[in-house]
Amino acid sequence: MQNGDQEAVVIPGPPATHEDITEELIHVSRQTGSRMKKAIILSGILSLFGFIGIAMQMANGIDDHTKWNFYAVIYFYIFSVTMGIPMAGIGLRFARAQWRRPTSRSAELFAIAGPVNLIFFIPILMVAPPIEGRNSLWMDWALAPWFPDIIMMLLLVLTGLAFLYVSLLPDFAAVRDHGSGFTQRLASRLSRGWSGSPKEWSLHKSALGILGAFYITAYAMTHLVLSSDFAMTLVPGWKDPIFPAFHAITGLQMGAALLIVTMYLLRRLGGLGRYFELEQFWGYSRLLLALSLFWFYFWWCAFILFWYARLPHEQGVIALFVSGDFAVENILARPQFLMFAGAISFSFILPFLILMWNILRRSIVWPTVVGLIVLIGGFFDRMRLYANSWSIDQVGGHGLDHLPTVNAPGLPDLLVFIGMVSSVLFLYLLISRLVGFVSVWETREALLLRFIKPWGVGYAHVVVKPE
Amino acid sequence: MQDRPRLTQTQVNEELLWPVFSFKRRHALAFIPPLILLMGGVIAVTILIYQGLWVTGLQRPAFWGFFIVNFVFWIGVSHAGTMISSILRLTQAEWKRPITRAAEVMTVFALITSLLHPVIHAGRPWRIIYWLLPYDFARGVWPDVRSPLVWDPIAITTYLTGSILFVFTALIPDFALIRDQSTGMRKKIYSSLALGWRGTPRQWKLQGIFGILMSALILPVFVSVHSIVSWDFAVSVVPAWHVTVYAPYFVIGAVHSGVSMVLTLMALMRWIFKLENYIWEDHFDAVGRLLIFIATLWLFFFFLDFAFSFYTREEQELAVMQRRLFEWPFNAITVIMIMTSYVIPIPLWLSKRVRRNIPLMFWTSILVNIGMWLERYFLIIPAIERKNELTFLWSNYVPSLIESLVVLASFGMVALLLLLFAKVVPLVPAWEAKEGIVFREDVQIGEVIVPGIIKETEEDKAW
Chain P
293 MQNGDQEAVV IPGPPATHED ITEELIHVSR QTGSRMKKAI ILSGILSLFG FIGIAMQMAN
353 GIDDHTKWNF YAVIYFYIFS VTMGIPMAGI GLRFARAQWR RPTSRSAELF AIAGPVNLIF
413 FIPILMVAPP IEGRNSLWMD WALAPWFPDI IMMLLLVLTG LAFLYVSLLP DFAAVRDHGS
473 GFTQRLASRL SRGWSGSPKE WSLHKSALGI LGAFYITAYA MTHLVLSSDF AMTLVPGWKD
533 PIFPAFHAIT GLQMGAALLI VTMYLLRRLG GLGRYFELEQ FWGYSRLLLA LSLFWFYFWW
593 CAFILFWYAR LPHEQGVIAL FVSGDFAVEN ILARPQFLMF AGAISFSFIL PFLILMWNIL
653 RRSIVWPTVV GLIVLIGGFF DRMRLYANSW SIDQVGGHGL DHLPTVNAPG LPDLLVFIGM
713 VSSVLFLYLL ISRLVGFVSV WETREALLLR FIKPWGVGYA HVVVKPE
Chain V
-9 MQDRPRLTQT QVNEELLWPV FSFKRRHALA FIPPLILLMG GVIAVTILIY QGLWVTGLQR
51 PAFWGFFIVN FVFWIGVSHA GTMISSILRL TQAEWKRPIT RAAEVMTVFA LITSLLHPVI
111 HAGRPWRIIY WLLPYDFARG VWPDVRSPLV WDPIAITTYL TGSILFVFTA LIPDFALIRD
171 QSTGMRKKIY SSLALGWRGT PRQWKLQGIF GILMSALILP VFVSVHSIVS WDFAVSVVPA
231 WHVTVYAPYF VIGAVHSGVS MVLTLMALMR WIFKLENYIW EDHFDAVGRL LIFIATLWLF
291 FFFLDFAFSF YTREEQELAV MQRRLFEWPF NAITVIMIMT SYVIPIPLWL SKRVRRNIPL
351 MFWTSILVNI GMWLERYFLI IPAIERKNEL TFLWSNYVPS LIESLVVLAS FGMVALLLLL
411 FAKVVPLVPA WEAKEGIVFR EDVQIGEVIV PGIIKETEED KAW
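Note that the protein sequences, when read in sequence, are chains P and V.
The opening position of the first sequence corresponds to residue 293 in the numbering used here, with each subsequent residue numbered one higher.
The opening position of the second sequence corresponds to residue -9 in the numbering used here, with each subsequent residue numbered one higher.
Check before you lean on any hint, since a few could be wrong.
Simulated crosslink set (EDC-like; lysine to aspartate or glutamate; CA at most 16 angstroms straight-line) [stated by the list, open to error]:
#1 Lys359(P) <-> Asp685(P)
#2 Lys497(P) <-> Glu734(P)
#3 Lys745(P) <-> Glu4(V)
#4 Lys497(P) <-> Asp685(P)
#5 Lys757(P) <-> Asp432(V)
#6 Lys445(V) <-> Glu431(V)
#7 Lys445(V) <-> Glu571(P)
#8 Lys445(V) <-> Asp432(V)
#9 Lys757(P) <-> Asp275(V)
#10 Lys757(P) <-> Glu4(V)
#11 Lys745(P) <-> Asp432(V)
#12 Lys413(V) <-> Asp142(V)
#13 Lys757(P) <-> Asp170(V)
#14 Lys413(V) <-> Glu4(V)
Just so you know, the hints here were simulated from the structure itself, not pulled from any lab data.
Note that the structure is predicted; figures quoted are calculated from it, not measured.
Model the full assembly from the supplied sequences, consistent with the hints where possible.
Set out below in structure tokens:
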């Protein structure tokens, strides 16, 4: 089945037999060429920059959280993106969307970013101001917010890793049976004697279901506690129950965006074009369109209330996150407005204007472009939320007395950004050398569950529904 | 879906069209309960209009009571149609086929029923006209377009118009089917309704395109309707109402109650109209799984609303929570609401055996709707009872018999309209049933035969 993409390289059709899949996914795609080796080494070295950045930032002091505003921006941006991608895979698995099968592994592998998020979370815990004197969910509980936040982060990270491991089990067995060398020995240990019996498959399916449900719950609750403890509580007068849901859904949007970009790169650079076809890009572009609409809807739900009621403390929140200081006549001179304009343009307006056209949705390039746009918009959004809220030094009070001056990012922040991104990339590429970017067992299952048959004067897809 | 009989077209026509052409005893008896409820409501409304609003329990400051709670409830139920027919159409869920029409029609009737409530609630319904039309009837006072109370009728009538169009277009092939099987006056009426439908490939293609376009267009309306209804409460500065999460909370609650109502309807349709060949255990299983997801999302939003009530520790908001959680009757209402909306049904629905047990699904869906009605009561009434800062201005709303009769009558009205509708067209779309049979493909994998579905290839999709 040919895609409609205009490329110089001819992408062959999907694998027709189980042997093709084994050959391609276990032998060919796991080969580590020179380009891959360089990428792994480079990302490994650049990961260290993150720790250098943290050290430089700590040398500036940890008592003044306003100096760490951009560290918070970077941390919550990368946290939102990387923990949102597995959600996209898990959600579509629950929805039994068969087209997502080739992409599941690429999505689930991002759970490996969990430990990175956990390590870089430590400075946030150290630097964030205590909740005494501020509104919070924890009612002056002595251990809050650190204890519940650590517990939620650990739960999310461990659930993600557990889900990834369970999902990988059959593929570890496949590498054990068909691979060679060190990876074959490692996979043999990790496969825990998997033999593919009906009982094992049944337990496997149940485990994925349970762990998936746990991940979704942990994802929502972690976003709830982190967004309220590290953003909402810092802004006097900001009470916004929809904000945790907004935070979670925008994370999912950014995760879907990064997954599309990843699929494109794997298609172009990884030689996996027969797995990441038009159908996958079309499916994720529809998801991205829906999530972009949700971005606007959740933002609007909060904005209309604050705008309509005209309560003074909520007008302060609008000024902080949307309009900037009204005393500044030139709207383009208001940094808060510029951040908001960037966020809404790149997270909602442009994605909507592009993806509303089916001809653009049903392509490979345009969803990728929109994915990049959404990733930029997500950064603007996290900047809008965290750079502003972390710049406030006022403790408590009914509302904001004045808009804070936002400290600009410095070299330590840049190093932390490079370090965090490289750490995630390093781990992602490393684990892909063991199990590949496409799931062997899911692809084999897809061969059983989907096929084309002659029908009438043409052909039809038949999708088997064993449930 | 294994071992399902392959029905012939004649069989489908006979089994689905019999309520249109005949009036069997079970169908006739089904009219009695809703008729009784509706008569009670008509008498109650007559008394209310004649005597005035003092016959209700409304008093300062609780000027919104049962009528508004019921209004919000029926707007919520109306969301089921769009959920089942539009969203499931766009996601190409095959199992929606037998239930789309009933869900869409329930949407229309639920919207009509809900629209009656503000009219009754006004006490002098004829004065509503002054407020609805954009004209300065008296002393140069225009309707306030900045009020969500004006956005409401705009959104609801848009949704009603869209839903009617949606229902009607999907009815055309079945109107034509009845036309072809009728004689005399019935044939003339259905010929007019069928709009010349002949079942040509082009007509089917246009019908499919319209269905998809309408599904996509009605989605923003679907979200906006209940969001705007929620903003009736949320944009005010009443403590415990002024909550940003109300819009998605109301929408997801609407879907929860609406889809549960569809479950109830499926079970009743199957029993009254003998639709065992069309509404299977698989459909209850699929709806049950959908409801687990929706209910969990509802619980998340409920939790957000609940948790953030304590966030600022404002006295007025704490007073409302005190009333909701610790004072009679709201303490009992809260417990019943949580138990019936989530704690009892969801754990049961996690079991496939329960999901495929039709009587259990019927009773649990009724529990959900009891819980979701109480949820609206829980959200609306305590906040308005405690909306003033000065405690001597607080009141305790007690609904009267008149209001209770009107609420019960609303259920009777929707049921009656559905039963009357079933006399006019089949509740299960005949053309969808036949299309489902054509698109069904049994596939042998190893020793097992499993059901499959034929889907159009990308090249077939011209849009």
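Of the numbered hints stated earlier in the document, which are not met by this structure? Hints 3, 4, 10, 12 and 13 contradicted; others consistent.
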